[in-house]
Amino acid sequence: MANKFIVSPAPHVQSAQSTARIMRDVVIALIPALIVSTVVFGANVLWITALSVFCCMLFEYLIQRFLCEGANTLPNFSAVVTGVLLAFNLPASIPWWIVVIGAFVAIAVAKMTFGGLGKNPFNPALVGRVFLLIAYPVQMTSFPMPANGSFDALSGATALAAVKHKLAAADAVGVQDLLLGNMPGSLGEVAAAALLLGFVYLLWRKVITWHIPVTILATMAVFAFVVALSRGDEGAMLWQFPLFHVLAGGALLGAIFMATDYSTSPMTVKGGVIFAVGIGVITMCIRLWGAYPEGMSFAILVMNAVVPLINKYVKPKRFGLK
Amino acid sequence: MKTFPIGGVHPSENKLSGAKPIEVLPLPDVVTIPLSQHIGAPAVAKVAKGDKVLTGQLIAEAGSFMSANIHSPISGTVTSVDLVPNGQGLRQPMITIKREGDEWAEGIDRSETLVRECDLPAQEIIARIKAAGIVGMGGATFPAHVKLSVPPGKKAEVLIINGVECEPYLTSDHRMMLEHGEEILVGVTILMKALGVQRAVIGIENNKPDAIAHLKGLAGRYAGIEVMPLKVQYPQGGEKQLIAAVTGRQVPPPPALPIDVGAVVCNASTTYAVYRAVQKNMPLIERVVTITGKRLTAPKNLLTRMGTPVLTLIVAAGGLPEGDVKVINGGPMMGRAMVNLDSPVTKGCSGITVMSGRDAVRNEAGSCIKCAKCVAACPMGLEPYYLSKMARRKNWEVLEEQMITSCIECGCCQFSCPSYLPLLDFIRLGKQAVMGIIRARAAAAAPKK
Chain A
28 MANKFIVSPA PHVQSAQSTA RIMRDVVIAL IPALIVSTVV FGANVLWITA LSVFCCMLFE
88 YLIQRFLCEG ANTLPNFSAV VTGVLLAFNL PASIPWWIVV IGAFVAIAVA KMTFGGLGKN
148 PFNPALVGRV FLLIAYPVQM TSFPMPANGS FDALSGATAL AAVKHKLAAA DAVGVQDLLL
208 GNMPGSLGEV AAAALLLGFV YLLWRKVITW HIPVTILATM AVFAFVVALS RGDEGAMLWQ
268 FPLFHVLAGG ALLGAIFMAT DYSTSPMTVK GGVIFAVGIG VITMCIRLWG AYPEGMSFAI
328 LVMNAVVPLI NKYVKPKRFG LK
Chain B
117 MKTFPIGGVH PSENKLSGAK PIEVLPLPDV VTIPLSQHIG APAVAKVAKG DKVLTGQLIA
177 EAGSFMSANI HSPISGTVTS VDLVPNGQGL RQPMITIKRE GDEWAEGIDR SETLVRECDL
237 PAQEIIARIK AAGIVGMGGA TFPAHVKLSV PPGKKAEVLI INGVECEPYL TSDHRMMLEH
297 GEEILVGVTI LMKALGVQRA VIGIENNKPD AIAHLKGLAG RYAGIEVMPL KVQYPQGGEK
357 QLIAAVTGRQ VPPPPALPID VGAVVCNAST TYAVYRAVQK NMPLIERVVT ITGKRLTAPK
417 NLLTRMGTPV LTLIVAAGGL PEGDVKVING GPMMGRAMVN LDSPVTKGCS GITVMSGRDA
477 VRNEAGSCIK CAKCVAACPM GLEPYYLSKM ARRKNWEVLE EQMITSCIEC GCCQFSCPSY
537 LPLLDFIRLG KQAVMGIIRA RAAAAAPKK
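Protein sequence lines, in the order shown, are assigned to chains A and B.
In terms of the numbering used here, the first sequence opens at residue 28 and continues consecutively.
In terms of the numbering used here, the second sequence opens at residue 117 and continues consecutively.
Wrong hints could be hidden among the right ones.
Think about it this way: if two alpha-carbon atoms lie no more than 25 Å apart in a straight line, the pair counts; the simulated SDA-like pairs of lysine to any residue are [as the list claims (entries may be wrong)]:
no., chain 1, residue 1, chain 2, residue 2
1, B, K510, A, W231
2, B, K118, A, L336
3, A, K233, B, T521
4, A, K344, B, P370
5, A, K349, B, E513
6, B, K505, A, L336
7, B, K270, B, T305
8, A, K339, B, W512
9, A, K297, B, H126
10, A, K344, B, D376
11, A, K344, B, N511
12, B, K347, A, P343
13, A, K233, B, P370
14, B, K505, A, P36
15, A, K349, B, T521
16, A, K344, B, T305
17, A, K349, B, T119
Just the calculated beta-carbon pair ranges, DEER-fashion [stated by the list, open to error]:
no., chain 1, residue 1, chain 2, residue 2, range
18, A, Y340, B, D376, 26 to 34 Å
19, A, V241, B, P370, 47 to 55 Å
20, B, P563, A, K339, 21 to 29 Å
21, B, Q314, A, L256, 55 to 63 Å
22, B, K271, A, K233, 41 to 49 Å
These aren't lab readings, by the way, just hints derived from the structure by calculation.
What you are looking at is a predicted structure, and each value in this text was computed from that prediction instead of being measured.
Backbone N, C-alpha and C fix where the C-beta goes; we use that ideal spot for every residue, glycine too.
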């Protein structure tokens, strides 16, 4: 018989959802935000994103090839995801060399040092961002105004910074502007509607579940509501203040795309909810009482550190046990 | 729609032969009959080389209570009682019989006439089932008389008939329910009587609406039998999953058994065999086998005598496709890959699935990305990624503490892994090791004689 018999233990079939497909889906889910950002801030957005993706892929390739001497990991697409997410955390006016440094920290320090995809305890793009924020605070906090895409406009404060430094009241920032990205901010965080579209796509493709993003945003909203209530706000402020915090800054980008990063979030639904509540609370504490106007990146990184502990103690509900 | 409480996946159903009526495979010229085609002790051969045997004659007797009788599926001469390679190439004791004509043992009713009434007492029903050598035909091959003998102190409350057939590709139970629904329902009444229960539920996955409608139509004339459509979700037909879907009760971790929650589960084809054994005195010598695969020219359902070489079925379905193939005894989720196509169809063989080309080979494994899809997919609420890692490290203590013995080896974890990790390969190894340790501990604790 000319046939070769192949033998392996069951199962003999495999789900169509591969690592590469998952990572591609994340990139696709980020495209609406990229488009809005390009419209708001101009073509520079595309250059920054392309440079960030290219540098992330290049560093991963070089390290994998010459330091790890392992197989090429670029086809799994995870370096592309890190590149896009890093770019989304930068202002549109960022100098090119800072992007390169950020990509290096994200890939070389935060990802490959620990062994690459799946082994990094902290979200690589966020480590890159926080490093840049501390090393280059001026460049990282000057945001161009979204003046019809023209780029030499004056720097403006982000909505969160404006509210924090009492330049504006939370209700002065229109919900419509927050949804459509008509405000200063990092590349990927300004268009809430586009990020929500990406969220729906990820849910539909079963890349993530709703638990972590929804819990983070709900925690933030409840937290803001209680704060508003306790300081004696009345009427419209009671819902505008929570809504502002959910839509402004990096809340949606962080909740949907960063906190759901597989290797840096818990393995169980219950653990994910604990993790998400922690992120929501820490974010609000930093935003309201910390030194920075924005706290999402720090909150996610702090909770990333707790993940191994959560995985150790929070177990799924076993079948047949009460 | 009812379903089991945690986990599960939905592989492509690929029920290529679902609309194909059962065909009768011509009698084989030679059969090989393994003495062990059930869980428990092997049967003991009662014939020797040169003996003449009749179809339906007892040729091997149950080796203990936890064992099953075996009957000759054809008439002819025993040519050997010896070690013969099985589907995996391992040599096992088998009886080889060369066919001469088609003569049947006395007392077997081969007619198709339906016999509804059964006035036998429970003990007699169980005795007949035991005599006929009936074992679970869904693949687990648990001797039926053992299941029906409820231990003292336990009480059966509900009989569940497993017509789920959640394995992709397989359609033998589906065809049995469509073409022998009436006999299956009589079989259900017989089993209810043997167990002394007033309620029976036939669970069928909702991708078989014709079988659900057919049995619902027939069930009206029998008291206490309900037909329950279940969500299409693998492993709906897993014994513990089915019990949970139907009754809402979860069987506690091993060593607890379904009877601890008052349930007894019996496969649909097995129920048909019970009907034939009790009402017709027919031993278990044939079964319906689905022969299927995307590149087979004619996937079909074949009524096959036990002991028929697997290759005969594949030839009847159009022959092996060109190139690399994986021939699976069973379905793609839990079946075993074969190397020897001369090996026989046995009591637990519900199908032969032929995968070819790209489908036949595993994808190359990457590294774990901690996506937690295996945790979400596990119907037993385990953490496959962790069990697999600890099994690689041979950390048996942690594996036992993390309840690895609860694993039902359904394959959901490995199916859902986007990095194609061989999770279940390692979990199986770990589970075997831990079960060995538990057995050794029990043996050491038992009073010395």
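A quick look at each hint next to the structure:
no.	hint	in the structure
1	K510(B) <-> W231(A)	violated, 39 Å
2	K118(B) <-> L336(A)	violated, 35 Å
3	K233(A) <-> T521(B)	violated, 30 Å
4	K344(A) <-> P370(B)	holds, 16 Å
5	K349(A) <-> E513(B)	holds, 23 Å
6	K505(B) <-> L336(A)	holds, 17 Å
7	K270(B) <-> T305(B)	holds, 21 Å
8	K339(A) <-> W512(B)	holds, 17 Å
9	K297(A) <-> H126(B)	holds, 23 Å
10	K344(A) <-> D376(B)	holds, 20 Å
11	K344(A) <-> N511(B)	holds, 22 Å
12	K347(B) <-> P343(A)	holds, 23 Å
13	K233(A) <-> P370(B)	violated, 33 Å
14	K505(B) <-> P36(A)	holds, 18 Å
15	K349(A) <-> T521(B)	holds, 17 Å
16	K344(A) <-> T305(B)	violated, 37 Å
17	K349(A) <-> T119(B)	holds, 19 Å
18	Y340(A) <-> D376(B): 26 to 34 Å	holds, 29 Å
19	V241(A) <-> P370(B): 47 to 55 Å	violated, 37 Å
20	P563(B) <-> K339(A): 21 to 29 Å	violated, 39 Å
21	Q314(B) <-> L256(A): 55 to 63 Å	holds, 58 Å
22	K271(B) <-> K233(A): 41 to 49 Å	holds, 43 Å
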